[in-house]
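S.K.: Each chain, letter by letter, is given below.
Number of protein chains: 4
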Amino acid sequence: MLNIGLLGAGRIAIVHARAISAHSGSRLVSVADVMPKAAQELAQAYGAKAQTSDEILSDPSIDAVLIATSTDTHSGFIEAATKAGKAVLCEKPVDLSLDRARACQKAVQAHGKPVMIGFNRRFDPNFAAMKAAIDAGEIGKTEMLTVTSFDPAPPPVSYVKVSGGIFRDMMIHDFDMAQFIMGGLPKTIMATGSCLVDPEIGAAGDFDTATVTMTYEDGRIAVINNSRRAVYGYDQRVEVLGADGLLQAGNMLENTVVKSTTQGVVSAKPMHFFLERYMPAYEAEWSAFVEALSLGEEMPATLADGIASLAMAEAANLSVAQSRPLNLAEVLES
Amino acid sequence: MLNIGLLGAGRIAIVHARAISAHSGSRLVSVADVMPKAAQELAQAYGAKAQTSDEILSDPSIDAVLIATSTDTHSGFIEAATKAGKAVLCEKPVDLSLDRARACQKAVQAHGKPVMIGFNRRFDPNFAAMKAAIDAGEIGKTEMLTVTSFDPAPPPVSYVKVSGGIFRDMMIHDFDMAQFIMGGLPKTIMATGSCLVDPEIGAAGDFDTATVTMTYEDGRIAVINNSRRAVYGYDQRVEVLGADGLLQAGNMLENTVVKSTTQGVVSAKPMHFFLERYMPAYEAEWSAFVEALSLGEEMPATLADGIASLAMAEAANLSVAQSRPLNLAEVLES
Amino acid sequence: MLNIGLLGAGRIAIVHARAISAHSGSRLVSVADVMPKAAQELAQAYGAKAQTSDEILSDPSIDAVLIATSTDTHSGFIEAATKAGKAVLCEKPVDLSLDRARACQKAVQAHGKPVMIGFNRRFDPNFAAMKAAIDAGEIGKTEMLTVTSFDPAPPPVSYVKVSGGIFRDMMIHDFDMAQFIMGGLPKTIMATGSCLVDPEIGAAGDFDTATVTMTYEDGRIAVINNSRRAVYGYDQRVEVLGADGLLQAGNMLENTVVKSTTQGVVSAKPMHFFLERYMPAYEAEWSAFVEALSLGEEMPATLADGIASLAMAEAANLSVAQSRPLNLAEVLES
Amino acid sequence: MLNIGLLGAGRIAIVHARAISAHSGSRLVSVADVMPKAAQELAQAYGAKAQTSDEILSDPSIDAVLIATSTDTHSGFIEAATKAGKAVLCEKPVDLSLDRARACQKAVQAHGKPVMIGFNRRFDPNFAAMKAAIDAGEIGKTEMLTVTSFDPAPPPVSYVKVSGGIFRDMMIHDFDMAQFIMGGLPKTIMATGSCLVDPEIGAAGDFDTATVTMTYEDGRIAVINNSRRAVYGYDQRVEVLGADGLLQAGNMLENTVVKSTTQGVVSAKPMHFFLERYMPAYEAEWSAFVEALSLGEEMPATLADGIASLAMAEAANLSVAQSRPLNLAEVLES
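Residue numbers (the UniProt record's numbering), protein chains in the order written: chain F, 1 to 334; chain D, 1 to 334; chain R, 1 to 334; chain A, 1 to 334.
The shape of chain F in the complex, shown without the other chains (with noise of 0.2 Å):
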């Protein structure tokens, strides 16, 4: 059984405190927050203690902490929390500037702890089973990656202002899920993007809808499509095309209900809400921590995973600047 502490007590939290209370193999035993009123009440609710994050950190009955804190301060509770002997499970992503990841990422080396990146959507049922299906070479050597991934809404334009932009706020999912279909990195990567569905977004400095073409070494290619509005609920799916066939991972419906009517023939619309629609994927993706660190094996979604994900949004952004084609390795290598 491991003991867990809780940074953070927002949104994404609570949907971890569930998840981290139905394990059979680890039990919520406390809970911190910036605002201690938060902390409390979802502590309260999973019979846990509401601490502050030093305590948390200090406290040595504790195996692991899971990091749900606003991005500013990811980096910073991951060195401290190996650096006091803690497992950690971070949500993305490691930090907005690359150069601050790799700082992470040294410390980390330093304390030896395991450190794994919630890329969520790596332990998503669908996409699951898409990435076995291509281990399994169900479709032969993989040629060609299309990721469309719309949000329902856009977020309001004080939270673009301070996400660090679509390419490492939002497609940094997308960027994770080539890695994880593709395996390795692409060489370049050219982006393009626009403002079409909010002005306010275009005046604060960032796009609403962008795509990404990246070609990797052995010629294969990926595309990214976002959108920051898909008003018919929250667009997630997954294309490859390989030697011997194709994979679709298709969006999950709020229903199966289909009605035929004069008006044509309707099905559910895709789940809304982006915790309804992962919530088996957050589940998944604990247990999969919690595995990896019972076995001492590599975690599923690592530091490293992050920072090239983090590259390939920095690089995203140079593209778009510099109206070219970037590769990979001048954003690595810088």
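Bear in mind the hints are in silico, worked out from the structure with no lab data behind them. All values reported here derive from a predicted model rather than from experimental measurement. Errors might be hidden in some of the hints.
DSSO-like cross-link-like pairs, simulated, lysine-lysine; straight-line CA separation at most 27 Å [as the list claims (entries may be wrong)]:
#, chain 1, residue 1, chain 2, residue 2
1, D, Lys49, A, Lys141
2, F, Lys161, A, Lys141
3, A, Lys187, A, Lys141
4, F, Lys49, R, Lys49
Since the structure of chain F is provided, determine the placement of chains D, R and A on it from the hints.
M.R.: Only chains D, R and A this time, still in chain F's reference frame:
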């Protein structure tokens, strides 16, 4: 090249005229109809002559006739045409009277010319693929058949009055489908019917909604559901459970476009009109007739098949009237 | 916060224990089972006590009991629990004997405590959405219901022998679905059954394949198809035709991945195991119980509903035995 | 009734001959081909004459010619036919050379006869329905287009060598689709290509896998993915995101049968052969030509459209060669 005479120039005859003309092995040479103007127009469109039915039957250059006239003339024309030495493809049903149909069968046997009954659905690419999969053993021994067959809208009551009723007019196609898919005839037939769509249909002594359950000697079960109204289109589905799996033949949609909006995920409706839905089936039916005739093989839908479906319809009528399961033998051996 | 006692610690009790614990308005406080070790393990996993059923029923701090024991103990526990002042959620069926179930109902009325029968499928998100669409008038007046309900594999014959037969054990869920979707009870029931899957089931006097057709006073029709074997998974579909359209609730698949190869376009199979398929339904069922209890509202699946489904099963048994349609009144008024 | 001369008697000419003959407003009167035997056979099958192309062009009774000859003869025949006073439907592309195509356009303008280019996909019922939905405002303003266009298998290298390359030979259809769906021309074109399927295609200087990203003046984005090999069939999908929803035009399958076994749920494959897949499109294309000609309306796919698609292909070639986004203006104004 077979020379074909066409009896009838109505809606369904037009479909057949096109199929005959499009086939590289047949040529439409003559058309007859009780309305000479209709015959002339159809003949002209395909470079054929307009003649009387007598002229067609007595023309030695005509190899085969396609009978697409009104139901009450079917058995008479079948007899006359086979007597005149023509091969015959006749629209279903053979006759509304089982006795009359049997007399026709006897006459045809005496004349020794091949007769095919136009159970077009056997030649529908979807149902034919289902049948092929069953014959290939892909789902093992069949166990339970469910046929869903809903018309988009009820016919006028004037038609209902001369149609012979829902079992002989509409479900007869599904009785033939049961023969086609399950092989052989059922042992018992239990029918129920209601008037839910148009009270005038009930006033005319007919049903507009009906279900038949049939059991086979070996315990297999078949269910047929009919309704005269499916506002979303012509709903034609067949599903069969076997020891090793399930086969489902679904509807053909107007197009493949799917629209996702705040209202849901909307597909196109099933094709609305039976001629549109079964156009490929009519073409394949004609090809099958030409091929069987050319090769001297048995027709893929025989007069005996037509009589068996008629007997099932009669048993269904009796079952409803007597509110009990009928043994098909009670009708067949009457 | 409701304090809950759980009678039973088997497969289905484990599912309920999780749902009770996960619900913010209920707490599992005690578990009883004929096998004390099973009760202890389950209690421990959720921080509850292991007690005897007598101890649970006589504990005044317990507000409600969930009965998940063997069928033959259901009616007795319902009576004892309501007598002891507890609200009850009891797994289906109430009893295998209609008379015994009626006696139980009488006793419960005397005790005046609320009882809900665990027809979990009413709470399945898909069937619930279908019901909501009907109630909202989206397809107009219902006309024809088709329930397809196939188990992945037959139970052991030892189970079949004590199960009460396919109509009382398996189709009872579908009888309740008919009540739920169509509203009210059918007037006539015509059943047919076969043994196609496992001859030992036939030797035990039961069927493994069965079809029931029911007609309603107003002419509506319902068809239920059951098979004990669908090798591709747990096949649970409901389809209802109305004056203004069709509703279909399809299967839930293991994942959304579609693989296209030279072999065809392959989707995942339906979820195989009923606990996996209906997990969301069990959680929603528990929420509905807690809500009805808290608000003092009528239970969404009553003891009367359970008795009605049992009566339909009994009518089906008689219909097969006598090879005729039964009036449900013949059973209900016996 | 329009009298039609057909230049060419190959695979695609045969399709057109059928469409011309089936149409009530046109008649095939003459066929020419560099292989006189092919012309004779095709002519005979439809009651037409076999002549030389010169004879056809100088025959005053012929109203229009359909050009289905090899690509290098297209522009010459367009010029000669319009000079001879014929209306023209010519297969794509106009020419492999943009300059030559422009010269052809100038000549045609001088002759003043209508010319339609055979972008058959515009007339596909699925893509046409998608276009109609966009024009009806059903998804609001379009924002992002994704075209997936995979051939079932690569052509022989001998063909690749004279084809003009993947952008001019294969993706030209998709460039036209972008014009059709998005309206207007893109501002920038960024292309990438690989050789993943057949090394001989690479040795011939061409790609077999390619992606193009295009941006429009107003910020909209279009992505086209091409592969010369999709082992599961001819994969032809178009998807467009708009402010108010998403439209997806999916593949047409060989049939609607779905088979569920222990191996999964298997649907039929996409139609494999482009002539089968686009047969309805070829028929609708011909109808559109006849209608526009009869009504004196503008052709629904003009020579200018053909030249624009060719310019996009040329821009794609330059983009790959120079590894940078091209402004379409660089090509159009050259």
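S.K.: Now tell me, hint by hint, if it's right for this structure.
M.R.: A quick look at each hint next to the structure:
Restraint check for Lys49 of chain D and Lys141 of chain A: not satisfied, since their Cα atoms lie roughly 55 Å apart, outside the 27 Å limit. Note on Lys161 of chain F and Lys141 of chain A: the hinted pairing holds, with a Cα-Cα distance of about 26 Å set against a maximum of 27 Å. For the given pair, Lys187 of chain A sits about 18 Å from Lys141 of chain A by alpha-carbon distance, which is consistent with the 27 Å threshold. Taking the CA atoms of Lys49 of chain F and Lys49 of chain R, the gap is about 23 Å. The hint holds against a cut of 27 Å.
The structure fails hint 1 only (numbered hints given earlier).
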